[in-house]
Amino acid sequence: MEQTKQATILVVDDDEFNIKLLKKMLTIEGHAVRTAASGEEALASVAEQLPDLVLLDIMMPGMNGFEVARQLKADSRARSIPIIMVTALEDRESRLKALETGAEDVLTKPVNRAELQMRVKSLLKAR
Amino acid sequence: MNPKDSLSEFSRNLWLTLGMFVVAAITFGFYAHLEKQVDHANELRHQSFLLADELRQSSDDLTRMVRTYVVTGDPIYKRHYQEILDIRDGKKPRPAAYDDIYWDLVLADDQRPRPGGPAVPLLELMRQAGFTEREFASLAQAKANSDVLTRPEFAAMALIESTEPTTEANRLMATRMLNDAAYHQAKYGIMRPISEFYQMVEQRTLGAVRAAENAVALARAMLIVFGLLLAFTLWRAYRVLHATLGCSVDELQGRIVRLGSGDFSSSIPVARGMENSVLGWLSATQINLAQIDAERKQAEAALRQLNEELEEKVIARTAALEQAKLKVEQASRGKDEFLAAISHELKTPLNHILGFADLLKEGLAGELSAEQKGMAQDIFDAGSKQLAIVNSLIELARLQAGKVKLQAELQDPAKMLGEIATRHAAKAQVAGLAFAVEVAEGLGEMPLDREVVTHLLDQLLANAFKFTPSGGKVSLTARRVPHTDVAAPVRVAADEYLELAVADNGPGVAPEILPRLFQPFVQGDGRLARSHQGTGAGLMIVKLLAELHGGGSGVESEPGTGAKFLVWLPCGAAPTS
Chain G
53 MEQTKQATIL VVDDDEFNIK LLKKMLTIEG HAVRTAASGE EALASVAEQL
103 PDLVLLDIMM PGMNGFEVAR QLKADSRARS IPIIMVTALE DRESRLKALE
153 TGAEDVLTKP VNRAELQMRV KSLLKAR
Chain Z
606 MNPKDSLSEF SRNLWLTLGM FVVAAITFGF YAHLEKQVDH ANELRHQSFL
656 LADELRQSSD DLTRMVRTYV VTGDPIYKRH YQEILDIRDG KKPRPAAYDD
706 IYWDLVLADD QRPRPGGPAV PLLELMRQAG FTEREFASLA QAKANSDVLT
756 RPEFAAMALI ESTEPTTEAN RLMATRMLND AAYHQAKYGI MRPISEFYQM
806 VEQRTLGAVR AAENAVALAR AMLIVFGLLL AFTLWRAYRV LHATLGCSVD
856 ELQGRIVRLG SGDFSSSIPV ARGMENSVLG WLSATQINLA QIDAERKQAE
906 AALRQLNEEL EEKVIARTAA LEQAKLKVEQ ASRGKDEFLA AISHELKTPL
956 NHILGFADLL KEGLAGELSA EQKGMAQDIF DAGSKQLAIV NSLIELARLQ
1006 AGKVKLQAEL QDPAKMLGEI ATRHAAKAQV AGLAFAVEVA EGLGEMPLDR
1056 EVVTHLLDQL LANAFKFTPS GGKVSLTARR VPHTDVAAPV RVAADEYLEL
1106 AVADNGPGVA PEILPRLFQP FVQGDGRLAR SHQGTGAGLM IVKLLAELHG
1156 GGSGVESEPG TGAKFLVWLP CGAAPTS
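Heads up: the protein sequence lines correspond to chains G and Z, in order. So the first sequence is numbered by our numbering: it starts at 53 and just counts up by one. So the second sequence is numbered by our numbering: it starts at 606 and just counts up by one.
Hints are computed from structural coordinates only; laboratory data are not their basis. Note that the structure is predicted; figures quoted are calculated from it, not measured. Where a beta carbon is used, it is the ideal one built from N, C-alpha and C, also for glycine. Take the hints with a grain of salt, since some may be wrong.
What the hints assert, rightly or not - Result set (BS3-like, lysine-lysine): computed pairs, CA atoms no more than 25 Å apart in a straight line: (1) G:Lys-72 <-> Z:Lys-990; (2) G:Lys-149 <-> Z:Lys-1010; (3) G:Lys-76 <-> Z:Lys-1010; (4) Z:Lys-952 <-> G:Lys-72.
To be verified - Here's a subset of chain G near chain Z, in silico, CB distances under 8 Å, partners left out: (5) Asp-67; (6) Asn-70; (7) Lys-75; (8) Lys-76; (9) Met-111; (10) Lys-161.
Chain Z with its partners taken away, still in its complex shape (with noise of 0.2 Å):
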C-alpha cells in the first residue's frame, strides 16, 4: 500500500467512523424521545380511566349520600351530596387526588382530608383530556344521565323533608323511589356508556402504547446495529492508523523522542511489509541521520587529526626555526671571529711586506738601483691597497656586528669640517681636481661623533676623488636642513639635521645601480669596478656609519653629470648607538 493512499484512507476510515457515531447518536435521541413516547401514551390512558372512575364514583357516592340521608334524615348528608354536586360541576374546589376513597375518609369524621385546588368542571376536564369526539360523547352522556337522576333522588329528599317529624310511609315511599327498577335503569343508563367508553379508550390508548412500543424496539435494534457499526469503524480506523504507523502509537513516540534527543545509533525494527509506514520512514530517517552523523564525526575525527599534524607540522617547523636561527647565530660568532682572526691573520704579514718594501726603497737595506727602487715601490703600492681593502672589509664587518659604539660630544661641525678640507685638499691638488668647501654659516653645537663623521667624510671624499676624471671638480657642503627635506630614512627623528653632501662631475651613477649603490661589492658598473680598485665596501660603511650616528644617507646622481652623496645627522639630543 502506497503511505499516501494509507493516510487517506486512514482519514476516510476517521470520518467514517465520525459519521457513524453521528448516526448512532441520532438513533439513541430518537430512541429516547419514542420511550418517552411511550411512557406519554401510558399516562393518557392512566388519566383517561382516572377521569371516568371519577365520574362513575360521584354517581356512586351520590346514591350512597342520598340513600342514607333518606333512611337517617341526618342533614349532613344532604349537605356532602350538594358538595359532591358542587365539585363535580365546578361549582366548589376540586380536592387534589380526587380518588375513589375521598368521600369513605370525609364520612368517618366530616373532616376534609386533603386541601382543595382550582374549582373546573368534570366535563372541563374531559374535554382537556384529548379524548375522541365519541369517547367524550359517552362520557358525556353518562354526565347527563346522571345529572337526570338527580331529579328523583331530589324528590326523594324533599318527600321526606314535607312532614316534621318525617312519616314512616314518606320515608318507606323515599326508599322506594331510590330503590326501585326505575331508580336502577336510569343508574343502569348513566354505566353503560361508562362502560362503552372504557372499551374505548382501551382500545385506542392500547393501540397507541402498542405501537409506540414497535417503534422502540426497532429504535432499540438500530442503536445496537448502529453501535457495532460504530464499533467496527473504530477498529478498521485503529488498523488502518496502526497500518500507516507501523506500530502503536507509543513506541513511535518513544523512538521520535529517541531520535530528537540526538540518539541516532540504535536501529529502528520495521516488520515485513511495513516499509511504507511512518515507522518505515522513521527507520529510513534514523539510518540517513546515523549515516549523516557517522559521517560527520568522521569528518570531525579528521579535521581533528589535521589540527593535530597542523599543530606538530608548527612545532617542526618552529623548531627547525629555532635550530636555523641558532645555526645562524653561531655562524655570525663564527664570522665574527673569523674577522678577528683575519684582521690579525691578514693584516700582520701584509704589514710586514709592507715594511721590509719600504726599507728597500728608502735604501735602509744597503743601496739599490733605480729599477729595483721602483720595484720596491710597486711592492709597497699594491700592498697599500690590499691592507686598505682588509681594512675596508674589517670595518665594515665590526659595524655590520655592532661592535663599533658611537662617541658623541657637543662640538661645532665647521671647525670639524675644516679640518677635514684641509687634509684632503692636498690630495686633490695631487689628482689635479678642483675642491671646494661650502660650510653655512651659524651651523651652532651638535652632538657629533668626530671619528665616526671624519671617516665618513673620508670615504664619500676619497670616493669621490678616486672616481672624478683629472681636472673634475668635487665639493663638500653642509648645511642644517627641517626634517622634511631628509629623503632617506632617519633612525632617529629630529626636527633638523645636519646634511653634508658631497658632490662631483665625474661619470655619475646609472638608475638602476643606485638602489643597490650602499651595498658592499657594488661600484657602478663592472668596467668602472676594474678601471678603479676596491670593493664597494666604502658607500656601505658611509651608509653603516650614518645609521650609527642615527641618520641616514642617500644618493643623487644623472649619469654623464655627476653624483652627489648624501648625509643627515639629527641636530640635538645626543644619539645613542
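Okay, chain G solo, but in the shape it has when bound (with noise of 0.2 Å):
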C-alpha cells in the first residue's frame, strides 16, 4: 500500500462529537489535525500556521462556512489550501454554493470514513 505524504489539517466545526470522529478518520490515515470550534477561531489558526487542506463544517453559530471559505479564498497565502465543506444541508443549492464560494469538494454528512480519506488522499495529492 502506497504511504501518502502525511499532512496538517484543519478540521472546523462547532459539534466537539463531530471534531472528534473526523479527527479519528484522518488521524488513523497518519495525518496531523488540528481543530477549530468555530469560523473566528478557524481564520485565526489559519493565520498562525498555514494548514494542508481544511475540512470546513457549514453550519456553525457567527461565522458559517461559506463566509470562512470565502475569506480564505481571498487571502492571498492561504487561497491555495483545498477546502471540503462539510454540509447537512443535501439540497443541490447548498452544494453549488459550497462550490462557488470556492470549495474544492463537497461531502454530506453523514461523512462515510472510506469517502473521506479518499476525497483527502486525491486533494493532497493534486497539491
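Assemble the dimeric complex from its two separately framed chains, guided by the hints.
Quick look at the structure:
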C-alpha cells in the first residue's frame, strides 16, 4: 500500500463529536489534525500557520462555513489550501453555493470514512 | 240594523223616490194639459162671441148703409151694402180681422184697411165653430131673418131709383120703410136669436172653463202633494244612505283615498250605533290593514336584523377562518423550521453514533473480541435504519412543503434505467431475488430530472426487495403509453407518457388498503408493518416525486399474487415545478 505524504489538516466544526470523529478518521491515515470550534477560530488558526487542507463545516453559529471559505479564498496566502466543505443540507443549492465560494469538494453528512479518506488523499495528491 | 238590510232599504228608498218622481212628472204633465184646456175653452168662447158679433154687426152695417143711401142717394153706400152681403155669403174674400169697426174705417175714405183672406160664408164659419145644434140653429135663424130683411131694404132702394131725379115723396116713403115699426120688428127678429145664442154659449163655455179650472186646481194640489212626497222620499233616501255609509260621501271618499294611498295608520272614528255602516267596515278594514302593515314591518325589521346578524356572523366567521388560515400558515412555517432543525439535530448525533460504531467494528480504535465487534456492527445497523427513516421523513416533508425543485433535461431514459438497474442487481442477488429489467425499444429522448427519477425508482425497487420473500421475482419495465392508458390523475397533460413499473410476486396488497397506500405510515397491514420496519413514507415520496415531475402514480395488486407499482411521466415539454 502506497504511503501518502503526511499532512496537517484543519478540522473546523462547532460540534465536539464531529471533531472527535473526523480527527480519528484522519489520524488513522497518519495525518496531523488541528481543530477549530468556530469560523473565527479557524481563520486565526490558518493565519498562525497554514494547514495543508481544511475540512470545513457549513452550519456553525457566528461565522458560517461559506463565509470562512470566502475569506480564505480571498487571502493570497491561504488561497491555494484545498477546502472540503461538510454540509448537512442535502439540497443542490447549498452544494452549489459551497462550490461557488471556492471549496474544492463537498461532503454530505454523515461523512463516510472511506469517502473522506479518499477525497483527502486525492486533494493532497493534486497539490 | 243589519248592514245588508240597510243597503236594501236604501235601494228600496231609491226606487220609491224614483217612483214618486215619475208620479210627480205625470201629474205635472196632466196639470199642463188641463191648463191648456182652460185656455182652449176660453178661446172657443171668445171665437163664439166674435162670430155672433159679426152677424149682429153685419145686420147693423146693412141697415146703416141702406138708410144712408136712401137719404143721400149716393151709390157708394149701395155698393158697400152689396159688398157686406157678398162677404157674409162667401161671395167675396173676407178681410182679416173683420171686426165691428171695419166699415167705420171704410166709410172714412172708401179704402179697404186690410187685405182680404179666403172667401168663406159666415154660416160655414159658424158650422165649423163646434156649436151645439141649438146654438147653431139660433144663429142660423138670425141670419135667415137678416136675409129676409134685405127684401124691404132692396125695395126701398128701388123706390128712390124709380125716378130720375128721386122725388121727395119716394125718398120719404123709402125712409119710412126703413124706420117703421115693421122694420124694427124685423130687426128684433134678428137680434132676439143672437141674444139667445149669447146666453146659451155663455152658459155652455163658462161651464167648460169652470170645469177645466177646477181640474187644474185639483192637479195643482196633486202636484204639490207629490212634490212634497218626492222631497220626503229624497230626504229619506239621503238619511238611509247616510246611515248606510256612516258619514257623508265626501268624508267616506277622503277615507278611502287615504287608505288607497297606503296610509293605514290614521284611525277612522265611527259614531255610536254606526258600527255596521260602510264607514264601520272601513274602520274595521283600516284596523286590519294597520295590523297587517305593522306585522309586515315587524317581519321586515326582523328579517333585516337577521340579515345583519347573518352578515356579522359571516364577517366573524370569515375573520375566524382568516385567523385559522394564518395559524395554519404559521404552523406550516413552524413545521418547516422544525424540520430544518430536526434534520440537523436528529441526524448529527445519529451520524456520530454511526461513525464511532464504524470505527469500533472495523477495529480502528483497538482490536475487539468477535462479540464486541458484532455488537458494534448491531449498533451501526440499527443506527443506519434509523437514519434511513429520518431521511425519508425529512424528504417527505421537504416535498410536501414544495422545497424540492425540478431540474429536467432532455435525455434518453433507457441509459438512465440501465445505470439504476445495474446498481440494484447486486442488492437483488443478496436478497435472493430474480430481477428482470425490460426497457422498450426506441423510447427516445424526453425531459427528465435524473435525480427525481432515480430516487423514485430507488424507493420502488427498495420496497419491492423488502416485501418480496427470498426466491421471489422483481421486475422493472419501461415503455411509452398513450394518455388513455394512464390510470391515475396527472399534473401535466400530454399525448404520451413514460410508464415505469416495478412489479413483484410478493404478498400483494389487500384491496381495502390500496386507496391508503400512498399515504405515510401505511404499509400493507399491521403485521407487515411489524415484520418490515419502516414508516411507509417511501410510497408517499414516490407519489409526490411523480407529481413533481408532472405525472402520477398508481398500484395494481391482488393479495397473494404480488403488486405492481406504476409511475407515469409526461413525454414532451419539460414540466415546471
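Consistency of the hints with the structure:
1. G:Lys-72 <-> Z:Lys-990: Since the Cα atoms of Lys-72 of chain G and Lys-990 of chain Z sit roughly 23 Å apart, the hinted pair holds (cutoff 25 Å).
2. G:Lys-149 <-> Z:Lys-1010: Holds, because 16 Å separates the two Cα atoms, which is no more than 25 Å.
3. G:Lys-76 <-> Z:Lys-1010: violated, 37 Å
4. Z:Lys-952 <-> G:Lys-72: holds, 16 Å
5. Asp-67: This interface hint holds because 6 Å falls under the 8 Å limit.
6. Asn-70: holds, 7 Å
7. Lys-75: violated, 11 Å
8. Lys-76: holds, 6 Å
9. Met-111: Holds, about 7 Å.
10. Lys-161: Holds: closest Cβ of chain Z sits about 5 Å from Lys-161 of chain G, inside 8 Å.
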